[in-house]
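For the protein sequence lines, the chains are A and B, in the order given. Quick note on our numbering: the first sequence kicks off at 1 and runs consecutively. Quick note on our numbering: the second sequence kicks off at 1 and runs consecutively.
The hints are simulated quantities; they were obtained by calculation from the structure and are not laboratory data. The model shown is predicted, which means the values in this text are computed figures rather than measured ones. All residues carry an ideal CB built from backbone N, CA and C; glycine is no exception. Be careful, since some hints might not be right.
Stated by the list, open to error - One side of the interface only, derived from the structure: several residues of chain A facing chain B at Cβ under 7 Å:
id, residue
1, P44
2, Y46
3, S93
4, N94
5, F100
6, Q102
Unchecked claim - Lysine to aspartate or glutamate pairs mimicking EDC-like chemistry, simulated, CA-CA at most 16 Å apart:
id, chain 1, residue 1, chain 2, residue 2
7, A, K97, B, E58
8, A, K97, B, E98
9, A, K69, A, E31
10, A, K52, A, E31
11, A, K3, A, E31
12, A, K97, A, E31
As the list claims (entries may be wrong) - Derived list of chain B stretches under chain A, where covered just means 3 residues or more per stretch with a C-beta under 8 Å from a C-beta of chain A:
id, segment
13, 44-58
14, 98-105
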Amino acid sequence: DAKTTQPTSMDCAEGRAANLPCNHSTISGNEYVYWYRQIHSQGPQYIIHGLKNNETNEMASLIITEDRKSSTLILPHATLRDTAVYYCIVTPSNTGKLIFGQGTTLQVKP
Amino acid sequence: SAVISQKPSRDICQRGTSLTIQCQVDSQVTMMFWYRQQPGQSLTLIATANQGSEATYESGFVIDKFPISRPNLTFSTLTVSNMSPEDSSIYLCSGGREGSEQYFGPGTRLTVT
Chain A
1 DAKTTQPTSM
11 DCAEGRAANL
21 PCNHSTISGN
31 EYVYWYRQIH
41 SQGPQYIIHG
51 LKNNETNEMA
61 SLIITEDRKS
71 STLILPHATL
81 RDTAVYYCIV
91 TPSNTGKLIF
101 GQGTTLQVKP
Chain B
1 SAVISQKPSR
11 DICQRGTSLT
21 IQCQVDSQVT
31 MMFWYRQQPG
41 QSLTLIATAN
51 QGSEATYESG
61 FVIDKFPISR
71 PNLTFSTLTV
81 SNMSPEDSSI
91 YLCSGGREGS
101 EQYFGPGTRL
111 TVT
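Let's have the full structure, built from the sequences with the hints guiding it.
Rendered as structure tokens:
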């Protein structure tokens, strides 16, 4: 079973920041938080991952709470092409195995 | 990063037959996996493809139904055997290095009639 809880769906206005929450209250000390997204009819795309520090790359920022029980993925300026299903996954980094939950369907609207 | 290709991209097969899906990675990866995505659903991990040895299957998946090979670091195959309409899904492979992100292929869309 997936170890994360995400809202089923969210809307965001184009150009605004999209903040996608994820709860992972049972996360273990050696588990990372990974975010992937799946645009319709494509394979999942890696976005970002982190252990306990906040992370930022060219796609997004990942904010992890101090107790590591939840995190937020931030898309700073959402575009229509960011419409996708976003998956938050916790996993030990050395296994590579990804257990997908149902994810959050993000709809970016003009 | 790694680029992953799959063949075929889609197929329509008759029940009772088998289909072998190929997955090729453009760079050496330590890990390769196979997933299934049923219509309207999330991805489900089928197995870990181990180089030169038997794959490691997740609960609910068995070797007789989904034999997997991985003869080298960059290539793997998944066979869907004795197909039924319930096997109609998108099958995806992924690859990556230990401790790093996984990259996914575009998927193979299988329809069983």
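Hint check:
1. Hint on P44 (chain A) holds. Least Cβ distance to chain B is approximately 5 Å, under the 7 Å limit.
2. Given the 7 Å rule on beta carbons, the hint for Y46 (chain A) holds: about 4 Å separates it from the nearest Cβ of chain B.
3. Here the hint on S93 (chain A) is kept, as its CB sits about 5 Å from the closest CB of chain B, short of 7 Å.
4. A distance limit of 7 Å between C-beta atoms decides the matter here; for N94 (chain A) the minimum to chain B is near 6 Å, and the interface restraint holds.
5. For F100 (chain A), the interface hint holds, since its Cβ comes within 7 Å of a Cβ in chain B; the closest pair sits about 4 Å apart.
6. For Q102 (chain A), the suggested interface contact is upheld, since its CB lies about 5 Å from the closest CB of chain B, less than 7 Å.
7. For a cut-off of 16 Å, the pair hint linking K97 (chain A) to E58 (chain B) stands: about 10 Å separates their Cα positions.
8. The hinted pair formed by K97 (chain A) and E98 (chain B) meets the criterion: a straight-line CA distance of about 10 Å does not exceed 16 Å.
9. Simply put, K69 (chain A) and E31 (chain A) have alpha-carbon atoms about 11 Å apart, close enough for the 16 Å limit, and the pair holds.
10. Pair hint K52 (chain A) plus E31 (chain A) holds up; C-alpha atoms about 10 Å apart against a cutoff of 16 Å.
11. Note on K3 (chain A) and E31 (chain A): the hinted pairing holds, with a Cα-Cα distance of about 11 Å set against a maximum of 16 Å.
12. Under the criterion of a C-alpha separation no larger than 16 Å, the hint pairing K97 (chain A) with E31 (chain A) is consistent with the structure, at around 12 Å.
13. With 3 residues bearing a CB less than 8 Å from a CB of chain A, the segment 44-58 of chain B meets the requirement of three and the coverage assertion stands.
14. For the segment 98-105 of chain B, the assignment as covered by chain A holds, since 8 residues bring a beta-carbon within under 8 Å of that chain's beta-carbons and 3 suffice.
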